[in-house]
Structures are given as structure tokens and as C-alpha cells.
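Participant: Top line first, the protein sequences correspond to chains A and B.
Positions in the first sequence are counted from 1; adding 3 to them yields this note's numbering.
Positions in the second sequence are counted from 1; adding 3 to them yields this note's numbering.
Please note that the accuracy of each hint is not assured.
To be verified - Listed below are the simulated DSSO-like cross-link pairs for lysine-lysine, each with C-alpha atoms no more than 30 Å apart in a straight line:
1. Lys96(B) / Lys96(A)
2. Lys294(A) / Lys16(B)
3. Lys276(B) / Lys97(A)
4. Lys129(B) / Lys129(A)
5. Lys294(B) / Lys78(A)
6. Lys82(B) / Lys82(A)
7. Lys276(B) / Lys129(A)
8. Lys294(A) / Lys129(B)
9. Lys96(A) / Lys129(B)
10. Lys294(A) / Lys78(B)
11. Lys37(A) / Lys78(A)
12. Lys78(B) / Lys78(A)
13. Lys129(A) / Lys82(B)
14. Lys129(B) / Lys82(A)
15. Lys96(A) / Lys294(B)
16. Lys276(A) / Lys82(B)
What the hints assert, rightly or not - Here are the simulated distance ranges between beta carbons:
17. Gly288(A) / Ser210(B): 46 to 56 Å
18. Lys82(B) / Ser58(A): 40 to 50 Å
19. Asp149(A) / Pro126(B): 17 to 27 Å
20. Gly288(A) / Lys37(B): 39 to 49 Å
21. Lys206(B) / Gly213(A): 53 to 63 Å
As the list claims (entries may be wrong) - To be clear about the criterion: a stretch of chain B counts as covered by chain A if any three or more of its residues have a C-beta under 8 Å from a C-beta of chain A, and this derived list gives those stretches:
22. 11–23
23. 35–46
24. 88–96
25. 237–245
FYI, nobody ran anything at the bench for these hints, they're computed from the structure.
Every residue, glycine too, gets a C-beta built ideally from N, C-alpha and C.
There are 2 protein chains.
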Amino acid sequence: MKATIGLDIGGTKILGVLYGESGEELAREKKKTKASEGADGVIKQIEKVLDALLSVEDIELRGIGAGIPGIVSAKGEVKFSPNLPLQNFDLRKKLMEKYGVPSAVGNDVNVAMYGEYKHLQRPDLKNVLGLFVGTGVGGAIIVNGDLYVGQGGAGEFGHLVVQSDGAFCGCGGRGCLEAYASKKAIQNFILAQVKRGRETLLKSDVSDFGAVLKSSAIADAYERGDTVTIEAVDRAVDALGVAMGSLINLFNPQSIILGGGVMAAMGRQLEPKLYERTALNSMPGLMETVKISFSELGDDAGAYGAYQLIEHELEAM
Amino acid sequence: MKATIGLDIGGTKILGVLYGESGEELAREKKKTKASEGADGVIKQIEKVLDALLSVEDIELRGIGAGIPGIVSAKGEVKFSPNLPLQNFDLRKKLMEKYGVPSAVGNDVNVAMYGEYKHLQRPDLKNVLGLFVGTGVGGAIIVNGDLYVGQGGAGEFGHLVVQSDGAFCGCGGRGCLEAYASKKAIQNFILAQVKRGRETLLKSDVSDFGAVLKSSAIADAYERGDTVTIEAVDRAVDALGVAMGSLINLFNPQSIILGGGVMAAMGRQLEPKLYERTALNSMPGLMETVKISFSELGDDAGAYGAYQLIEHELEAM
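Please model the entire structure based on the sequences and the hints provided.
Facilitator: Shown next as C-alpha cells:
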């Protein structure tokens, strides 16, 4: 049976899924990334995942797609990754040589949101944006049904500046969306309030140095009326509304898909306020025709998107 | 001889140019728009321009392209124009029926910057942005060599929000790029300073109610060290740098073309500061590979872009 693999290579885990010809899942395998063991260690883990999937009987591998956190060139070379020991590493070539099939590599958020787009199965929606709000903020641009990557790094919605000379961002810039709306920004805001002596249900969560606050914990505190949490989330929603308004003015898309942990945990709850803020920032007449929806694939989005990425390349061959 | 017409339909003037098969100019015609005479009056003027061009001997008309200020649907229907008495007006259909040839209609700034892009004759540059800074601010998005319009209204770079809750904008929003960087914003800023009793070389220019300040006058006062003008222009450049940084983070384009009256008059002068501000707002590694250039067609960009727009459709047929 013909089959294709989608790989979601994260900083801590690698998920591989083997898909059949109709997109049905045939097998899945998960391994630790072992980022501390260098490039060779990571590659060994990737190969273990692939080899496990390829042990399924009677399959003929057609191609491998992969999503990876970091800057990936339009040709599939990993230029730089903040969480993986891969730099100027041609992962696409490596996979092609080792497994002898066409391969494709993209940025993890680009790929995951492309997966969410393909999952919609709405070929009538050609121009779509995917906005990902999780530990960081990212996105994907779909133009005429295809993932647009520019020179490879496009779709960095987290670094759309919403407030010039605003909050400092990890990228070295100021006022980026990510500095307000990411889970990390929410966490930092709450932590700053704790340091000022304010009370919050999330006091111990945010004070645990090194740990990343859970989206579900934020959602829970928000729902229970925790003032500090509400302030942090409202600040995030304000920035998201500004960014979404701008994105509508720039792309005039047919649809925006909202994904990532924060949206999964509290997107529906934040919807009315988010729409209101977006409307304030988009041009008259442009927002009404934009369908806003939520992602549905959860943790499988990355692997599914990687599968769709290589499927798209196979079709074009 | 086979020929194609490009029309630049402005609020005050209509420019039509007849192009031969190699893009050479065969004839041109300019008429007043007569916007005050309603839709019929404007159409009559458009037809006068077209009929004059069609009186050239021995030509066989292949198609008509047009750029028009306002919101144009992806199908070429004028949804709304702030300066023309055309609303929900299917100009494309009108032209096709009257002249019996394929026609295309787009937003004037989209079309003009597409013209600048085609004028580069650089097929290796596939993903390019055109940023137009004139009385207003607009732009064009080129994806894979084609003009991207989304549902028709894409490329509204003037309504990229650079400062949430910032300066009020004509669109009803706040903090839009246009509210800082357009000639109108520069004029308003200088006028506000005059009202506060400050001295400026442009005092009489900005105080003449209803008149639009000339880009050349701004450039002149800036060069002569006029403090108020320098403040207004620096504020514009700061906002442009924020916007260009964001645009690079979103699109990771190969090139940005800067056009419009303000850029024509003082782009070269502002270049160092603009680049410096853009670098502060774009992600590390993304700006280095973006070629920034200036538009070259001046007042002919609209007609030339309209010609290229219909040529592109004719090729695809």
C-alpha cells in the first residue's frame, strides 16, 4: 500500500504519523528529541521514529514531510532553530538521501496551520491565514490554496509590531504581538504583578522558575474571575485584535483560522471580545466577509500538515 | 498592429496610454474626470479617452486594463470609491461590453505598484511588496510574480496599525501607518504646530485650507533644516520603519519597492534613517536578503500597471 509520513519535530518530542493514500492514519510513533545530544543525536531519534513507521507491513513509501521549529529556507534547509541543535542543516536532503523518497521541510507553525487549513477541506477558501497563539505566536499564509513562505521565513505573525516602542520582545524588537499575546507574555505579566505583591490564583504556577504556564490553568483562573489573570488576558486580546485587524487590511483573506494552546483552551470564551477589537482595527467592509474559525487537530496538526506539505509536492511532480 | 490600453482613472484626471505588442507607447490621452457629473459623466470621459486612443490607425485592440481609486472586488467591480461617483459599479463588464475586448480593473495603488514591479523586468524576483507613500499610503503584494488582491481589497498597507490606540485615522481606526506617514498626516502635523504658534517655512502652505501640500515643498523645507518639518518627517519615517519591519516579518519578501510622491521627492534622502528603523523592527536575518528600491515610472505607473494587468490576463487565456 502506498503511504506517506508526516513528522512533527519539536524541542522535546518527535511525532511521526504514517498516512495511507486517502489520508487515513496507518501508524504513529513518538520519541524524545534528545536535543542535548547534538545534531547526530536528534537525527538518530528522527530515524528511530521513521524506521518504526516503516516496519508496517506492505507499504510503499512515497515521501516524507517535516515541520521543525526555527527558520527554514524555502528549499527546506534549517537555517537556525532556537530549541534544536541544527544550524544550516539540510534536513530535506538528509531525509531524501537516507530514505530515497521526495521530502519537504517547513517551519513547524507554518506547517501546522497549513495542516489545519487542509483539514477544513474547503477548496473554495483559497486565501486564508492561520494565526497560532501558544507559548509563542506564529502563523501561516495560504495564497491560492498553497502555503506561502516567501524566502522561507514568512508568516511570523508574532512579530507584527502592534505598538511601536512598546513591550520588549525576545526577537530584540519592541511592541511585537508575541510580547503581548503569547502564553509566555501572559505568564510574564502575571509574574510581574506577583512581584508587585498582588494576589492571583496563578501565583505558584508563574513563580515556578523555568516551567511554562499551562493554557488550561490560565483559562481556569480567567473563568474564576482572577483579576490579575483577566488583566493579562485582556491585554493579550487587545493586541490580538489589533494584529487581526491589520492582517485583514493587508491580506483581505476569506478566512482566519485560530490555533495554538491558548486558542484551544479559551478561544471560544474570548471570541466576542476578540471580534470586537478586530472590527475596530479592520477597514470598513473588509471584516464582514472574513470567516473566523478555530483549529481542530490539536497536537496532530504538525504531523498532518507535514504530510499535506509533501503530498502537495508529490502532486506537483 | 495589435495594441492594449492601460487606463489610470483618478479623482481629477483620466490618463490612457495605448501600448504596442512590445510594451512600446503608441499614443496617450488625458481628460478631466468630471467626477461632479455623476457616473454617466465619468463614463463619458473614460470613453472619450478610449475613443481618442482607438483613432490611431491600423490597430487591433486586444484588451483594456484600468486602475481606479477605491475598493475593487477580485472580479473588477468597483465596490466603493471615495473620490468617484461609482458605487457597486461593474466597470470591467461595462468596458468589455462597449469595446468587445477582455478587460481588467484593479485598485489604483495596487495597479501602479504592480506596474513598477513589472517595469523592473526581474522575473527572478517573485515575492515583492510595493509600498506607496503619497497623499495616502497604500501598497501592492506580489506573490509568485502575480498581483495578490485577496477578495479584492488586499495591500492596504496604510492601514497596518503601528501604534494601537495611536493617532486617529480617516478609516475610523487608530494608529494606522497612514495616520503618521501620508502627506496628509505630515501636513496635519505641521498645521497643528502652526496652530500652537510655532514657526515653519511651510506655514502658508499648510494653512491654505483645502490645498494639498506638495511633496517637493516638504522636501525643500526638510533640506533647509526647518525644525517643524523635520519633526513631521521623522515621525513619518519612524512609522514607516515599524511598518516595513512588520511587512518583512510577515512576507519575508525578496524586494520592497518604495513609490508615491513623498518617496519620489525625498526617498533617497530618508533612506539611511528608514533602513535603520526597519532593521530595528524586522527579525534578525530577514532584512539582509530584502532588496529595497525606488519606483521609477512616476505619473505613468498607473497606466503602465493597468496595461500589465490586462496583459497578464490575456496571457492566461
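Participant: Confirm or reject each hint.
Facilitator: Okay, the hints, checked on the actual structure:
Proposed proximity of lysine 96(B) and lysine 96(A) is contradicted: the alpha carbons are some 50 Å apart, above 30 Å. Straight-line distance between C-alpha atoms of lysine 294(A) and lysine 16(B) comes to about 38 Å, which puts the hinted pair past the 30 Å bound. For a cut-off of 30 Å, the pair hint linking lysine 276(B) to lysine 97(A) is broken: about 43 Å separates their Cα positions. Of the supplied pair hints, the one linking lysine 129(B) and lysine 129(A) holds, its CA atoms being roughly 19 Å apart against a limit of 30 Å.
Pair hint lysine 294(B) plus lysine 78(A) holds up; C-alpha atoms about 20 Å apart against a cutoff of 30 Å. Of the supplied pair hints, the one linking lysine 82(B) and lysine 82(A) is violated, its CA atoms being roughly 44 Å apart against a limit of 30 Å. Proximity of lysine 276(B) to lysine 129(A) is assessed by CA-CA distance (about 38 Å); at most 30 Å being required, the pair is judged violated. The suggested pairing of lysine 294(A) with lysine 129(B) holds, with an alpha-carbon distance near 28 Å, which does not exceed 30 Å.
A distance of roughly 24 Å separates the Cα atoms of lysine 96(A) and lysine 129(B); the hinted pair therefore holds under the 30 Å criterion. For the proposed pair lysine 294(A) and lysine 78(B), the alpha carbon gap of about 20 Å is at most 30 Å, so the pair holds. Distance restraint check for lysine 37(A) and lysine 78(A): the Cα-Cα separation of roughly 25 Å lies within the 30 Å cut-off, and the hinted pair is therefore satisfied. Taken as a hint, the lysine 78(B) and lysine 78(A) pair is broken in the structure, with Cα atoms around 34 Å apart against an allowance of 30 Å.
Proposed proximity of lysine 129(A) and lysine 82(B) is supported: the alpha carbons are some 21 Å apart, at most 30 Å. Between lysine 129(B) and lysine 82(A) the CA atoms are separated by roughly 21 Å; this keeps the pair inside 30 Å, and the hint holds. Between lysine 96(A) and lysine 294(B) the alpha-carbon distance is near 28 Å, which keeps this suggested pair within the 30 Å criterion. The suggested pairing of lysine 276(A) with lysine 82(B) holds, with an alpha-carbon distance near 29 Å, which does not exceed 30 Å.
Checked against the hint of 46 to 56 Å, the C-beta distance between glycine 288(A) and serine 210(B) comes to roughly 34 Å, which is inconsistent with it. Checking the proposed 40 to 50 Å range against lysine 82(B) and serine 58(A) shows it is violated: the Cβ atoms sit about 58 Å from each other. The hinted window of 17 to 27 Å between aspartate 149(A) and proline 126(B) holds, with their beta carbons roughly 19 Å apart. For glycine 288(A) and lysine 37(B), the Cβ-Cβ distance of about 26 Å falls outside the hinted range of 39 to 49 Å, so the restraint is violated.
Range check, lysine 206(B) to glycine 213(A): Cβ separation about 60 Å, and the 53 to 63 Å hint holds. As drawn, the segment 11–23 of chain B meets chain A at 0 residues by the rule of a beta-carbon pair under 8 Å; below three, the given contact is violated. Three residues within the 8 Å Cβ limit are the bar, and the segment 35–46 of chain B against chain A gives 0, so the coverage statement is violated. Residue count for the segment 88–96 of chain B with a Cβ under 8 Å from a Cβ of chain A: 0. That is fewer than the three needed, and the coverage hint is violated.
Look at the segment 237–245 of chain B against chain A: 3 of its residues bring a Cβ nearer than 8 Å to a Cβ of that chain, three or more, so the hint holds.
Violated hints, listed in ascending order, are 1, 2, 3, 6, 7, 12, 17, 18, 20, 22, 23, 24; each of the other numbered hints is respected by the structure.
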